[in-house]
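Counting in the numbering used here, the sequence shown runs from 49 upward without gaps.
None of these hints come from the bench; they were simulated from the model.
A portion of the hints provided could be inaccurate.
Below, in silico cross-link-like pairs of lysine to aspartate or glutamate (DMTMM-like), each with a Cα-Cα straight-line distance of 20 Å or less [what the hints assert, rightly or not]: (1) LYS133 <-> GLU99; (2) LYS168 <-> GLU121; (3) LYS168 <-> GLU99; (4) LYS133 <-> GLU169; (5) LYS128 <-> ASP141; (6) LYS139 <-> GLU165; (7) LYS133 <-> GLU110; (8) LYS128 <-> ASP113; (9) LYS139 <-> GLU99; (10) LYS128 <-> ASP151; (11) LYS139 <-> GLU121.
If you anchor each label on the Cβ, the simulated ranges turn out as follows [as the list claims (entries may be wrong)]: (12) GLU169 <-> GLY112: 14 to 20 Å; (13) THR156 <-> ALA104: 18 to 24 Å; (14) GLU137 <-> ARG170: 15 to 21 Å.
Heads up, the beta-carbon is just placed ideally off N, CA and C, and yes, glycines get one too.
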Amino acid sequence: MVVPKTSTLDITTPPSRWVVLLSKILLVLLILFLLPDLVRAKPKKKNRALENLYNARIIHCETGDCGHLIIEESMNCVTKCVSEKCYSEVKYDVDPLEDGEVDVNRATLFAQCARNELLKERARGRTRQ
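Let's have the full structure, built from the sequences with the hints guiding it.
This is the structure in structure tokens:
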């Protein structure tokens, strides 16, 4: 009686070249997909002292010099109070905000300008001491 051979997987035989090539390609693709997450830059740390100083100046202007106005109507007053130089540099003096209007682009430019001005003031204060 003849017993048919059953096919068994022989572990000792090397894998075919195609299997090895496919494995390498998959490994490279996996690395390429994971690499951006591994090398992502850390976000910049904000200067908390500068942020606190900038926010304190805004609060001072909102409650002090411009406190008689409601918030929706006080944005021009507050920006001018925080920094007259930046107020004119960002063209709020030429094209003032309407009541309740929000201009994100100019607000961002103004905030950058005012923070830079505060940094310069702090640096001047340190050199005098």
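Comparing the hints with the structure gives:
At roughly 19 Å between alpha-carbon atoms, LYS133 and GLU99 fall within 20 Å of each other, so this suggested pair holds. A C-alpha spacing of about 30 Å is found between LYS168 and GLU121, which places the hinted pair above 20 Å, so the restraint is violated. Taking the CA atoms of LYS168 and GLU99, the gap is about 14 Å. The hint holds against a cut of 20 Å. With a C-alpha separation of about 13 Å, the suggested pair LYS133 and GLU169 falls inside the 20 Å cut-off, and the hint holds.
For the hint linking LYS128 to ASP141, the alpha-carbon distance of about 9 Å falls within 20 Å, and the restraint holds. About 17 Å separates the Cα atoms of LYS139 and GLU165, which keeps this hinted pair within 20 Å; it holds. A threshold of 20 Å between alpha carbons decides the hint, and for LYS133 with GLU110 the separation of about 18 Å falls inside it, so the pair holds. A distance of roughly 10 Å separates the Cα atoms of LYS128 and ASP113; the hinted pair therefore holds under the 20 Å criterion.
For the given pair, LYS139 sits about 23 Å from GLU99 by alpha-carbon distance, which is inconsistent with the 20 Å threshold. A threshold of 20 Å between alpha carbons decides the hint, and for LYS128 with ASP151 the separation of about 15 Å falls inside it, so the pair holds. Restraint check for LYS139 and GLU121: satisfied, since their Cα atoms lie roughly 18 Å apart, inside the 20 Å limit. Our hint of 14 to 20 Å for GLU169 and GLY112 holds, since their Cβ atoms are close to 18 Å apart.
In this structure the hint that THR156 and ALA104 lie 18 to 24 Å apart at CB holds, the actual value being about 20 Å. The supplied range of 15 to 21 Å is met by GLU137 and ARG170, whose beta-carbon atoms lie about 19 Å from each other.
In terms of the numbered hints stated before, the structure departs from hints 2 and 9, listed from lowest to highest.
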